[in-house]
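Using the hints, position chain B with the ligands against chain A.
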Amino acid sequence: MARDPHAQTSSHVAEKLHTKSLTPYILRLAPTIMTDFNIILFMCNWGPHAAFQALQDRSAEIPDEIKMVRIPCAGRISKALLLRCFEMGAHGVALVGCRAGSCRYGAGSSNAEDHVADARGILRLLGLGKERLRLATFLPDEPEQLLSFLRDFSREIASMGSGPVPPSAERQVPAEAPDRVREILAAHDVYACQDCGKCSSACPLTLAGKPFSPRAIANEVIAGHIHFPDVQRDIWACLTCGLCYDRCPSGVDFAAFIRDLRHYLTTRGDPACVAHGGFFQSLMRTMTCNNLRPRHWDWLPKDIETDPDSRVLFFGGCAPYFDVFFRTHLGVRTRDILVDGLRLLNFFDIHPALLMDERCCGHDLLWSGDRDNFLKLARLNVEAIRDRGIEQLITACPECYHTLATDYPREGIELGFKVTHLFDLIEKEVDKGAVSFKKLDRRLTFQDPCRMSRFENRPDLPRKLIGRLEPLSFTEMPDHGASAICCGNSAWVGCDAFSKALQVRRIRQAHGTGSDLLVTACPKCQIHLRCAMEDPFLGEELNIEIMDLTSVLAKTIEWE
Amino acid sequence: MTKTGAAGRRQEIVFTGFGGQGIILAGRILGKAAVLGDHRESTLVQAYGPEARGGACSAQVIIADQAIHYPYVRRPDILACMSQAGFDKFIGQMKQGGTLLIDKDLVQPKGFSGDYFSIPSSRMAEELGRVMMANIIMLGFFTAVTGTVSVDAARDAVMKSVPKGTEEMNANAFNKGCDYGVAVLKGREKKAKGKTGA
Ligand code: SF4
Ligand code: SF4
Ligand code: SF4
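Which chain is which? The protein sequence lines are A and B, in order. Counted the way this note's numbering counts, the first sequence spans residues 364 to 923. Counted the way this note's numbering counts, the second sequence spans residues 170 to 367.
Just chain A, with the same shape it has in the complex:
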């Protein structure tokens, strides 16, 4: 019988696991089962497994490369887990569940359909090919059908070749560096903390009622308690919004301190606390593969004018991935920001180049502790942009802007091109004159993006442009500019009930201004705030339309 011995072990172990603990289990398992040709088969314990057993009983030849992981229900395999397999070098993944209507838990089959559809969308954008992921369903008495599915799938995957992502090696845990924490403390001058508590009294998480205090974290780390579980939990809970830095009389850059502590913890192999099962971190790590050719712009409307020879590049950011991922949940359309950004450039006769295989800027990797992969991405990006002879990069995303303009050079990566935020360019063009804005029948308020308003210290930039619009009114929320409250998450790390509480507070502030349009300037502010509006009890009360400033500008700008 030609079968992998691991298949047995894995199904055996998975059986005992509750789905929640699947992630760490598969992570531990993956490096040991990955060989040079791998197909991961997630198989539901019920219908299809009965069929599978029938095949085993008669020693049917199941292709060797198929590594089976037995799971309690196909609906519990999240997008994060599906993508994770590819990040670790799987060549194909099949999720095999029960035929619609025969799911023991009711919603399993339809959940599995949604997850697979979204993950296939992501694989397509990534350039890995959606064909590498398949969903199939079987009844217990369909062993023949199951066998031919497995053989066909295996043959198809083999014909596609091995793909650009190499099987990942086991993570190397570097030797302990006991002085590293002290170095981090010194680098951010945390010893200068006067214990005044101004940070805690400003921190939006503390104010949302979370038993959390930046001052306490600083004290604990100084006292050598970084390995205490509750200290680590708090290190992952911080939003890195930077509000405390704005208030600290000693100038302790707490967000940067947290960023470096996370890196330290991750290199030690301590678990990260990430949102959405680590899907987005997985996505970004997959993008560090040299040979990967994402298809970032395939979907772009045909009337957008670009020029492959231009020395000006428009860098879009990860919005297309967000829209696929949140398709069935939040229904966000952050891609529109990219389209409208390009429309604004076209309005001024700027026809920029695009990197058709654009990758993520790496912001979220850097801020969730994975500096090594951040650096890999950063180098790949700079190399690709320089190879195209680009002189100026334009982006509408505050995170891409801050990361490229400030973090790349700070991390020692020399750019060789200029980075410009779209708002700067539009402000300059509009200031030349002969352009005006149509009346907008809305009352506006504005959510500051932390990376621009605080990290780059430029709360005035979006406001200059808002000042040029012709809305019914523009009213600031009580906390705005450098004092603005965070949208609730950064870098897909540590989202919890307190993040929700602070988002609710923020959205109520927006309603308090009497506005009917919440203008944002970061795709993620839109996503996280929209998420809070999905609250089953408060949703109705919280609901307010959100639109990025880029889109508001594009919809109202006109030649005089």
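These are calculated hints, taken from the structure and not from any lab test. Hints are supplied without guarantee of correctness; some may be wrong.
Stated by the list, open to error - Just the calculated beta-carbon pair ranges, DEER-fashion:
{"hint": "1", "chain 1": "A", "residue 1": "Glu668", "chain 2": "B", "residue 2": "Asp284", "range": "21 to 31 Å"}
{"hint": "2", "chain 1": "B", "residue 1": "Tyr241", "chain 2": "A", "residue 2": "Gly779", "range": "54 to 64 Å"}
{"hint": "3", "chain 1": "A", "residue 1": "Pro527", "chain 2": "B", "residue 2": "Arg292", "range": "52 to 62 Å"}
{"hint": "4", "chain 1": "B", "residue 1": "Lys360", "chain 2": "A", "residue 2": "Ala550", "range": "47 to 57 Å"}
{"hint": "5", "chain 1": "B", "residue 1": "Asp284", "chain 2": "A", "residue 2": "Asn653", "range": "50 to 60 Å"}
{"hint": "6", "chain 1": "B", "residue 1": "Arg292", "chain 2": "A", "residue 2": "Ala860", "range": "48 to 58 Å"}
What the hints assert, rightly or not - Result set (DSS-like, lysine-lysine): computed pairs, CA atoms no more than 27 Å apart in a straight line:
{"hint": "7", "chain 1": "A", "residue 1": "Lys827", "chain 2": "B", "residue 2": "Lys364"}
{"hint": "8", "chain 1": "A", "residue 1": "Lys918", "chain 2": "B", "residue 2": "Lys355"}
{"hint": "9", "chain 1": "B", "residue 1": "Lys360", "chain 2": "A", "residue 2": "Lys791"}
{"hint": "10", "chain 1": "A", "residue 1": "Lys795", "chain 2": "B", "residue 2": "Lys360"}
{"hint": "11", "chain 1": "A", "residue 1": "Lys801", "chain 2": "B", "residue 2": "Lys359"}
{"hint": "12", "chain 1": "A", "residue 1": "Lys827", "chain 2": "A", "residue 2": "Lys781"}
{"hint": "13", "chain 1": "A", "residue 1": "Lys791", "chain 2": "B", "residue 2": "Lys364"}
{"hint": "14", "chain 1": "A", "residue 1": "Lys863", "chain 2": "A", "residue 2": "Lys573"}
{"hint": "15", "chain 1": "A", "residue 1": "Lys801", "chain 2": "A", "residue 2": "Lys781"}
{"hint": "16", "chain 1": "A", "residue 1": "Lys791", "chain 2": "B", "residue 2": "Lys264"}
{"hint": "17", "chain 1": "B", "residue 1": "Lys264", "chain 2": "B", "residue 2": "Lys279"}
{"hint": "18", "chain 1": "B", "residue 1": "Lys355", "chain 2": "A", "residue 2": "Lys791"}
{"hint": "19", "chain 1": "A", "residue 1": "Lys802", "chain 2": "B", "residue 2": "Lys359"}
{"hint": "20", "chain 1": "B", "residue 1": "Lys355", "chain 2": "A", "residue 2": "Lys781"}
{"hint": "21", "chain 1": "A", "residue 1": "Lys665", "chain 2": "B", "residue 2": "Lys355"}
{"hint": "22", "chain 1": "B", "residue 1": "Lys359", "chain 2": "A", "residue 2": "Lys827"}
{"hint": "23", "chain 1": "B", "residue 1": "Lys258", "chain 2": "A", "residue 2": "Lys795"}
{"hint": "24", "chain 1": "B", "residue 1": "Lys258", "chain 2": "B", "residue 2": "Lys279"}
{"hint": "25", "chain 1": "B", "residue 1": "Lys273", "chain 2": "B", "residue 2": "Lys364"}
{"hint": "26", "chain 1": "B", "residue 1": "Lys364", "chain 2": "A", "residue 2": "Lys665"}
{"hint": "27", "chain 1": "B", "residue 1": "Lys264", "chain 2": "A", "residue 2": "Lys665"}
{"hint": "28", "chain 1": "A", "residue 1": "Lys863", "chain 2": "A", "residue 2": "Lys561"}
{"hint": "29", "chain 1": "A", "residue 1": "Lys801", "chain 2": "B", "residue 2": "Lys258"}
Virtual Cβ for every residue (Gly too), placed ideally from N, Cα, C.
Just chain B with the ligands, lined up with the frame of chain A:
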């Protein structure tokens, strides 16, 4: 604009406004740009008299490829107005199909049915902190819209003609006017193609 075969290109221009706006200086810079920068011929006739102390005031400039024998402007091809009185006085003399440029806030082109170009030059100068530089802004606008002199020649002439220490400021004002003119032309081109918005 005017093309008269063997006589080469020849354009008659009137800059008009009220005293103190720097109208004559604008005319002089324009002529200098044509001669020193673009190596063409130019004449300037300035209207003195009571006008120079706040009334309507004008600079008459002729630019041509060949020697100019008669320096007075009778039928301007281009009329740039920075005051209502100046507009009222000269609009009747402008050539049929000539190019009219006005300051948006100071001039109402009453009774004029043709196409014209306008710029809020005084307001822009105020925003730059020097209302006196409206003439230089208008000159930049004039250069971009009419193409009578080249942009580099005009900018150089501005730098050489303004008081020492104010060159940067004036070059900046010139650029503002020029950018505005380019934007206006671009806007017109887009509108002609039916594209008003983004
Ligand atoms: S605000 Fe600064 S000095 Fe005060 S407790 Fe916080 S970190 Fe320390
Ligand atoms: S960065 Fe933001 S969330 Fe983190 S401690 Fe400071 S104020 Fe609180
Ligand atoms: S706020 Fe919502 S979308 Fe944002 S990280 Fe938390 S759960 Fe995800």
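Violated hints, by number in ascending order, as checked against the structure
When the structure is compared with the hints, numbers 15, 16, 23, 27 and 29 turn out to be violated.
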